[in-house]
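Q: Each chain, letter by letter, is given below.
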Amino acid sequence: MKYQILEHTADLKIKVFGKDKKELFENVLIGMFEGAEYKGEDKKVKRKIKVSSSDLPSLLVDFLSEVLYLSETNWEVYHKIQFAEFDDKNLKATLIGKKLERIGVQIKGATWHGLDLHQKKDRTWEATILFDI
Amino acid sequence: MISKKDFKKISDYLWEIPKSFRFDMRVPARIYTSERMLEDVFRDRSIGQLINIATLPGIVNYSLAMPDIHEGYGFPIGGVAAMDIKEGVISPGGVGYDINCGVRLLKSDLTQKEAQPHLENLADEIQKEVPSGLGRGRQIKLDIASINKILEGGVSTLVKRGYGEKEDIENCEASGRMEQADTSTVSDRAKNRGRGQVGTLGSGNHFIEVQKVEEIFDEKVAKVFGLFKDQIVIMIHTGSRGLGHQIATDYIKVMMQAMAKYDIRLPDRELAACPINSPEGQRYFKAMAAGANYAWSNRHMIAHYVRKSWKRILGEKEELKLLYDVAHNIAKIEEHEVNGKIMKLVVHRKGATRAFPAGHPEVPQEYRDVGQPVLIPGSMGTASYVCVGTEKSKEAWYTVNHGAGRIMSRRAATRKFPGAEVVRNLEQKGIIVKCRSFRGIAEEAPLAYKDIDNVVEVVHNAGLSKKVARLIPLAVIKGE
Numbered sequence: 001m002k003y004q005i006l007e008h009t010a011d012l013k014i015k016v017f018g019k020d021k022k023e024l025f026e027n028v029l030i031g032m033f034e035g036a037e038y039k040g041e042d043k044k045v046k047r048k049i050k051v052s053s054s055d056l057p058s059l060l061v062d063f064l065s066e067v068l069y070l071s072e073t074n075w076e077v078y079h080k081i082q083f084a085e086f087d088d089k090n091l092k093a094t095l096i097g098k099k100l101e102r103i104g105v106q107i108k109g110a111t112w113h114g115l116d117l118h119q120k121k122d123r124t125w126e127a128t129i130l131f132d133i
Numbered sequence: 001m002i003s004k005k006d007f008k009k010i011s012d013y014l015w016e017i018p019k020s021f022r023f024d025m026r027v028p029a030r031i032y033t034s035e036r037m038l039e040d041v042f043r044d045r046s047i048g049q050l051i052n053i054a055t056l057p058g059i060v061n062y063s064l065a066m067p068d069i070h071e072g073y074g075f076p077i078g079g080v081a082a083m084d085i086k087e088g089v090i091s092p093g094g095v096g097y098d099i100n101c102g103v104r105l106l107k108s109d110l111t112q113k114e115a116q117p118h119l120e121n122l123a124d125e126i127q128k129e130v131p132s133g134l135g136r137g138r139q140i141k142l143d144i145a146s147i148n149k150i151l152e153g154g155v156s157t158l159v160k161r162g163y164g165e166k167e168d169i170e171n172c173e174a175s176g177r178m179e180q181a182d183t184s185t186v187s188d189r190a191k192n193r194g195r196g197q198v199g200t201l202g203s204g205n206h207f208i209e210v211q212k213v214e215e216i217f218d219e220k221v222a223k224v225f226g227l228f229k230d231q232i233v234i235m236i237h238t239g240s241r242g243l244g245h246q247i248a249t250d251y252i253k254v255m256m257q258a259m260a261k262y263d264i265r266l267p268d269r270e271l272a273a274c275p276i277n278s279p280e281g282q283r284y285f286k287a288m289a290a291g292a293n294y295a296w297s298n299r300h301m302i303a304h305y306v307r308k309s310w311k312r313i314l315g316e317k318e319e320l321k322l323l324y325d326v327a328h329n330i331a332k333i334e335e336h337e338v339n340g341k342i343m344k345l346v347v348h349r350k351g352a353t354r355a356f357p358a359g360h361p362e363v364p365q366e367y368r369d370v371g372q373p374v375l376i377p378g379s380m381g382t383a384s385y386v387c388v389g390t391e392k393s394k395e396a397w398y399t400v401n402h403g404a405g406r407i408m409s410r411r412a413a414t415r416k417f418p419g420a421e422v423v424r425n426l427e428q429k430g431i432i433v434k435c436r437s438f439r440g441i442a443e444e445a446p447l448a449y450k451d452i453d454n455v456v457e458v459v460h461n462a463g464l465s466k467k468v469a470r471l472i473p474l475a476v477i478k479g480e
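Line order of the protein sequences matches chains R and E. Note that our numbering has the first sequence beginning at 1, numbered continuously upward. Note that our numbering has the second sequence beginning at 1, numbered continuously upward.
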């Protein structure tokens with residue numbers, strides 16, 4: 001399972017899993033867009049992205065904020081990340097996705113509210129994140 | 001776990017958690033609700049969030065919640081907090097991502113009987129005319145210079161360009177412009193997101209509704225507001241769209257990094273706040289004001305498209321006048337009386353409506369003898385209310401609720417109420433529904449919300465505002 005949608009009164013809250021941090025980031029991306037039903041059409045797109053932050057949770061939120069900006073201004077949806085560089089504070093990658101066809105509900109922002117990101121005993125990673133919609 | 005026994009009953013409609021409840025509270029936390037509805041608030045974490053607000057530096061008297069309170073991020077939705085401008089903080093989380101999400105109400109001269117045969121066409125026309133801003137419909141991209149003018153000048157910029165009329169400025173909260181707006185504090189990314197979205201509705205709970213005045217509670221005030229029984233009115237509910245979301249995103253990050261410098265420690269990172277008098281606080285406030293101006297302009301432009309549709313279907317001579325436009329998500333500098341002295345406060349209203357009383361200088365001249373019109377939209381397909389501000393709501397910084405308040409998650413609602421069934425139920429009630437996705441409809445199913453009549457009854461009985469008219473929907477138009 002890549003992600004799971006949790007109960008929240010007004011917004012979109014997801015729990016995400018990954019064998020490592022890279023997969024975790026990619027699955028958050030997938031969970032966010034699928035959870036809000038962003039549907040792509042056939043036309044494939046690529047978009048370069050570069051983010052720097054103070055720590056890993058900030059990197060995740062800043063990465064998602066950047067992705068939402070790119071999605072809205074270019075009218076695209078992404079489902080894959082090809083990492084060129086990645087550590088706890090920096091990320092350089094190419095997003096792979098499609099032109100957007102339609103949106104179920106628009107995501108207003110990736111929030112810090114109840115944000116959790118940690119490595120489990122079995123060495124896999126897990127994150128919980130809330131999106132304002 | 002917080003339970004009813006932790007509350008002190010102040011009156012039938014006001015409950016308080018004392019400061020002693022948690023070590024880090026600076027003031028008590030208060031909620032306006034009925035005893036029966038108090039049970040609803042334990043369904044989610046909204047009361048914990050209300051207590052978190054009570055820990056913010058500079059908060060005056062108490063943190064407040066309106067009866068439509070539900071869980072948000074940082075602040076609960078329906079949360080109100082006033083900070084001392086000298087030593088208090090400002091928090092983007094106390095405004096929300098959708099800066100100046102709000103409501104405007106247009107009034108016609110027609111009764112339901114006169115308009116009914118044309119409503120289906122009208123709803124179609126409005127849906128065609130007002131873009132959702134989500135890829136469909138007309139797309140206009142303004143240049144950055146035009147966006148800057150809107151951010152600085154608000155509604156008056158558009159009126160100068162020939163959209164709308166002078167009354168649209170006078171009858172809008174703050175005359176459709178916060179003067180503190182400064183375009184240099186708004187990032188290029190925010191402006192870029194705003195370029196294609198002036199006059200767009202968005203998604204989620206945003207809507208346009210054609211309604212009729214079903215009942216008048218106060219004839220005198222209704223007359224001043226220009227409302228009469230069976231009259232057709234049109235309500236527009238949306239906000240600052242991507243531009244506002246980006247301002248919030250940008251400044252939550254700025255504040256989170258700056259907080260340590262001001263030695264501010266908070267129980268939830270989403271509450272990120274800086275002193276209002278710090279460079280970061282000032283910059284956020286100026287950017288938020290620009291976002292608010294954008295939102296008023298957005299609703300103003302939508303009203304322009306709605307008027308165009310109205311005239312095309314009902315006749316060129318038919319007018320739609322602006323009754324009022326109110327913000328639901330905003331921070332404002334206001335003067336209030338605290339312990340007998342006038343104090344300058346930064347009032348955060350997140351999912352709450354300002355409700356000034358008769359005689360207040362910020363109430364438009366036309367309404368000043370009776371008080372500010374307060375617009376409270378219900379959930380989709382249910383009643384909405386027009387109320388009027390009262391002197392009694394001084395105790396709540398002249399604030400009332402902003403809607404019904406969710407009680408069921410979007411996901412649960414989608415599972416429980418198939419979109420097609422929700423549409424069928426609304427149509428059986430005679431309501432026309434125009435929506436492109438069933439999901440949008442299912443999430444907003446009436447039963448996913450508290451009963452608006454009960455919620456408004458609380459603020460009416462608590463004296464925070466008085467009921468003037470009850471509106472019921474005839475046609476609902478949603479962006480997605």
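Do not take every clue at face value.
In silico DSSO-like pairs for lysine-lysine, Cα to Cα no more than 27 angstroms straight-line [as the list claims (entries may be wrong)]:
1) K99/R x K416/E
2) K429/E x K416/E
3) K141/E x K89/R
4) K416/E x K89/R
5) K46/R x K261/E
6) K253/E x K21/R
7) K416/E x K39/R
8) K50/R x K253/E
9) K229/E x K261/E
10) K286/E x K44/R
Everything labelled a hint here was simulated from the structure, so no lab data went into it. Values in this document were obtained by computation on a predicted structure and should not be read as measured data.
Q: So which of the earlier hints does this model not fit?
A: 1, 3, 4, 5, 9 and 10
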